[in-house]
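Protein chains in written order, with numbering that gives the first Met the number 0: chain B, 0 to 336; chain D, 0 to 336; chain R, 0 to 336; chain W, 0 to 336.
What the hints contain is simulated information worked out from the structure, not anything from laboratory work. Accuracy of the hints is not assured; some may be wrong.
As the list claims (entries may be wrong) - DSS-like, lysine-lysine: derived pairs with alpha carbons at most 30 Å apart: (1) W:K194 <-> R:K175; (2) R:K194 <-> W:K143; (3) W:K194 <-> R:K201; (4) B:K201 <-> D:K194; (5) B:K46 <-> B:K198.
Stated by the list, open to error - Quick list of simulated restraints, FRET-style, between CB atoms: (6) R:K92 <-> W:P31: 49 to 59 Å; (7) R:G227 <-> D:E7: 24 to 34 Å; (8) D:K175 <-> B:K46: 29 to 39 Å; (9) D:T9 <-> R:Q259: 19 to 29 Å; (10) D:T9 <-> W:E324: 50 to 60 Å.
Glycine included, C-beta positions come from ideal geometry on N, C-alpha and C.
So you can see what is in the structure, the chains are spelled out below.
Number of protein chains: 4
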Amino acid sequence: MIIILKPEATKQDADEILAQIESVGLKPLYMPGTERTVLGAIGDERKLGSLHLESHPCVDRITPILTPYKLVSRESHPADTLVDIGGAMVGGKRFTIIAGPCAVESPEQMLLTAQAVRDTGAHCLRGGAYKPRSSPYSFQGLGKQGLEILHDVSEKVGLPAVTEVIETEDVSLVEKYAAAFQVGARNMQNFRLLKALGKSRKPVILKRGMSATVEDLLLAAEYIVSEGNPKVILCERGIRTFETATRNTLDLNAIPYIKQHSHLPVIVDPSHGTGVREYVTPMAKAAAACGADGLIVEVHNDPKSALSDGHQSLDPDQFMRFMDEIRPFVQAAGKEL
Amino acid sequence: MIIILKPEATKQDADEILAQIESVGLKPLYMPGTERTVLGAIGDERKLGSLHLESHPCVDRITPILTPYKLVSRESHPADTLVDIGGAMVGGKRFTIIAGPCAVESPEQMLLTAQAVRDTGAHCLRGGAYKPRSSPYSFQGLGKQGLEILHDVSEKVGLPAVTEVIETEDVSLVEKYAAAFQVGARNMQNFRLLKALGKSRKPVILKRGMSATVEDLLLAAEYIVSEGNPKVILCERGIRTFETATRNTLDLNAIPYIKQHSHLPVIVDPSHGTGVREYVTPMAKAAAACGADGLIVEVHNDPKSALSDGHQSLDPDQFMRFMDEIRPFVQAAGKEL
Amino acid sequence: MIIILKPEATKQDADEILAQIESVGLKPLYMPGTERTVLGAIGDERKLGSLHLESHPCVDRITPILTPYKLVSRESHPADTLVDIGGAMVGGKRFTIIAGPCAVESPEQMLLTAQAVRDTGAHCLRGGAYKPRSSPYSFQGLGKQGLEILHDVSEKVGLPAVTEVIETEDVSLVEKYAAAFQVGARNMQNFRLLKALGKSRKPVILKRGMSATVEDLLLAAEYIVSEGNPKVILCERGIRTFETATRNTLDLNAIPYIKQHSHLPVIVDPSHGTGVREYVTPMAKAAAACGADGLIVEVHNDPKSALSDGHQSLDPDQFMRFMDEIRPFVQAAGKEL
Amino acid sequence: MIIILKPEATKQDADEILAQIESVGLKPLYMPGTERTVLGAIGDERKLGSLHLESHPCVDRITPILTPYKLVSRESHPADTLVDIGGAMVGGKRFTIIAGPCAVESPEQMLLTAQAVRDTGAHCLRGGAYKPRSSPYSFQGLGKQGLEILHDVSEKVGLPAVTEVIETEDVSLVEKYAAAFQVGARNMQNFRLLKALGKSRKPVILKRGMSATVEDLLLAAEYIVSEGNPKVILCERGIRTFETATRNTLDLNAIPYIKQHSHLPVIVDPSHGTGVREYVTPMAKAAAACGADGLIVEVHNDPKSALSDGHQSLDPDQFMRFMDEIRPFVQAAGKEL
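Make the full structure from the sequences, and use the hints.
As structure tokens, then:
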């Protein structure tokens, strides 16, 4: 860690901090400059956290040398991690498609949609029972009943089910009904929830928060993995920027960045990442091209009547064309659909 | 509500949608243009939510006429709301100071800090027992023990206590120990938590999320109020932008906007809003000047040894000068400190 | 155009505005609601600009129905436009590669780089003679001498040259030496420059500004086209967001958006869009996959000694692999490299 | 400067870079760590720019220790700079009001507005002759005729005139007619223009770009000052963020930051910073409170008929109340209006 002192810091201030660095077992370095003094700490700098040097009145800035996450970093674990969602593998040579409606609305809607996505080649079924919505007057999901419908349909069509969990107290319930948890963008930093999921044995699809940096996302994953659950799948779903032409700005730069810095698989959500039905297929192709391990995509048997996100959902015919159109890009990326 | 159809929409498409508008009891309007057809719906447009017109394949865009929130809007309730935090009033002519450390660390630290802020004129005591932190390796708060310390110190010094609640299951526990709940930026859209707080009788300080628009903030408040708890205090604490010179970008434009659109009181957090100790006082003055109803500010008896946020905390002497310096601006704004 | 009045607006206010709408030849519409009155104007709403209705004290908001740009819109010109850069076509079935160094540094550097990119299959040569740099202490380009070197090398290797113009007074000089102009992100709204380029007969590559919406970009293109030069190529090169892991956030959503709303060709700059050499190839693949018409990419014969942007430049060997790696994605997109 | 090497860098790579550091006269430092090697360079690190170390394939990141700007920094020049605009001082104890219409529209409009703002106590008159507008179909300003009107009215009412210059070739013309130049947000990084203004003897009001960090703004000022013109006034006018409730997000954090890092005076534009007439006065108060040296504010004799920005302009009566309302805040800040 590099510690840049304020111009007014004295030699005595520097010595005090150097002694603190030594006290936690790191090697201190003193670098007096012409205008500023710089200090260094060599060794596992995560130990320095306990010193709270950033609060020291003589410290101007601190530059870490190592990444703040460890278990999810590629440096600590060079080989790609593969995650098994009820038999569907994510990572490595696979390109995994998780498809289904935004929300579970009824047994009929789920069954029709699930049959359609299975017949077209999806590997997992998605569907939300708990829906976080900006307005209290919007449809909030069917709750436990939704989980039951999802589970029944999942069994019937033979696709593992993925569904969102929004609260710690729901973890054990959701775990019973689904093959994998999904953590939504609004809960990416719900750390209590992340810790609870870290104690589960089922995989977690962790969506990037709307204002989260990729480093924040990796730190959120570190919460889950450090509690004992290594089965984390990251998901890029767009960030909030000044651009209003699309619902979010899909940050595909995050894919090669994550591949370089982490061993975890990463998928893309082109439905939320664009918010526009017509852009879902082109952005799905782009995701495959830049190295994503799969997609989570909204499909509804009748988008016009969908209770949420219908404007960004594909209907079964569109999903069939979607699969046909992305296939050559998946193959060009050296993966199997 | 104004519904702009896609260029390819036919008269039949328009008629279908007009019939739907009529079916929920609104007055439909048909406005054929030279290039596009526009439809209108007159009446309480919140009823249109159930139609999910945004999902209709012929609909290009929808422009609401009314605000999506209702109970928190000034149109529905023109007079300013005052909220009572254990005897300290927020709103109206008052300018309320909530001061204390980022986190409860020990009985000594809390007592020393609490005595200092009380003696200098603060109205409420803050201190976090549950700390949401980006990294799992950072200090996470003392939990229940922290609540007990906070409560004891609060009684001793005679200041009502404000503390963060991060999960629904903690609501009843926190309610026992604190005079008011604080909802942090990361939980502003934890809707389950908001609903639970809506069933409490204690006030809620609702902090704006890092990527939340002011409208999102007002909708989050609507969640609480619509469950029956009208005691909501909004809090501007900075948003995430490209600017890295400060920890967040304090969006003071939000203050006059909220005052115009809502009857709820609004306070400002200049500590998180800047992340830099030296900028806390100038931005507190600015907050008073543009119409805020108070401040929530981090004070620590020894910032250098603080377990979190020490770099943005004032020490007791700095807090004394802070109070002296903001007073003339509070008075110029026609309020009482 | 839809005009939403403030709650306090009277019938008389509405009548006054309706009369103004009629006075410019549009059909006025009066839609009194229960809480708000809404007015409409049917016809070519661009005529309403002269009324400045947004300044009217009774007007709350205005929602346009049509796009503010016209000549560059796909509605006005459904077929794709192809642009010829000195023999290299951009648009349609072509996938055009413009490669070369950030800046012209010397005849040797340009020649070595130009030969390498030509031999590997690039269609145009890039190289900046005028470099806008954040700091006055950074290398600012060779100016006229740089143009001469670029021109000589371009002739020698037989690739048309593309170079940035940063000021109106340079337009005629740059026009003599280059086959196409490039307008940098910082000049996207230098409207005097855009108008001057609108009077040229040579093509213009217009880069999106760091804080420009796609609509702003299309309006900037409208400046050039409305002055008489239809040869505009749009370029997505990343926007500025809170994410600092990459130099910019490459907004590939813009590609399908532009393809839907405009007939102009659009290329992508993965070098500036990422700022990281290792991410250039994956993002180039993604650009090809989502429908871009080509790429502008930084290549330098010796990136380590480059006077600017060396960290994001490919060397000749890397560029060779780059071309090999993107080819299958270009073909999957139905285009020819 | 601190240079963090990539994990794969060898001792030989480090030695090569250390030799380069020494070759430009700086003291090199070698800090081998357990996971990464870190290098340092002690002395005036601006000399390192010529080495382009950021392009070196073994370099991961570079952390500067000093600010990249020098002449405008408070470290180089601790005392506040005062700038004289035709007799009106900006900086120090003064709080300077620059008021007038967005655009010069006619002699009558300018005269009526100028008399009103002078009678109410403004110190300078603003008015644009060249208007950069997003759309080519919007009013673009009266050009030279506008400058003549502005100059005549300025003489008549006895207020120094401030006007925008948008192009290098206009500098000498604008200099003849105005007491100070204004550089708009879109031109903040038009470096040719900045250099030309650096050769003028007249003051320059430099507005922050919509996506410019404060450091970018200070570097832009460095361009002007390093050419020989020290009379630069910085202007915060809002940045572009995801928030759409206001036209821009006024970043008042920038004021204490600039005061800490630079000796130049800084003013605030609450008209563009909010885009809403009703928020201009509260945000002007906030600007005074946090330490700004003045305001530039849009006033129009008849905002309803303004050719641009009428929705954010004050009329003469509103401006009178504005001056009355901000006065106590200016006084509380220890300044004179």
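Evaluated hints:
For the hint pairing K194 of chain W with K175 of chain R, the CA-to-CA distance comes to about 25 Å; that is within 30 Å, so the pair holds. For the given pair, K194 of chain R sits about 18 Å from K143 of chain W by alpha-carbon distance, which is consistent with the 30 Å threshold. Restraint check for K194 of chain W and K201 of chain R: satisfied, since their Cα atoms lie roughly 28 Å apart, inside the 30 Å limit. The straight-line distance between the Cα atoms of K201 of chain B and K194 of chain D is roughly 28 Å, inside the 30 Å bound, and the hint therefore holds.
At most 30 Å may separate the alpha-carbon atoms for a hinted pair to count; K46 of chain B and K198 of chain B meet this at roughly 25 Å. In this structure the supplied range 49 to 59 Å holds for K92 of chain R paired with P31 of chain W, their Cβ-Cβ distance being about 55 Å. Between G227 of chain R and E7 of chain D the CB atoms are about 32 Å apart, so this pair conforms to the stated range of 24 to 34 Å. Checked against the given bound of 29 to 39 Å, the beta carbons of K175 of chain D and K46 of chain B, roughly 37 Å apart, stay inside it.
A C-beta distance of roughly 20 Å is found between T9 of chain D and Q259 of chain R, which places it inside the suggested range of 19 to 29 Å. Here the CB-CB span from T9 of chain D to E324 of chain W is close to 55 Å, well matched to the stated 50 to 60 Å.
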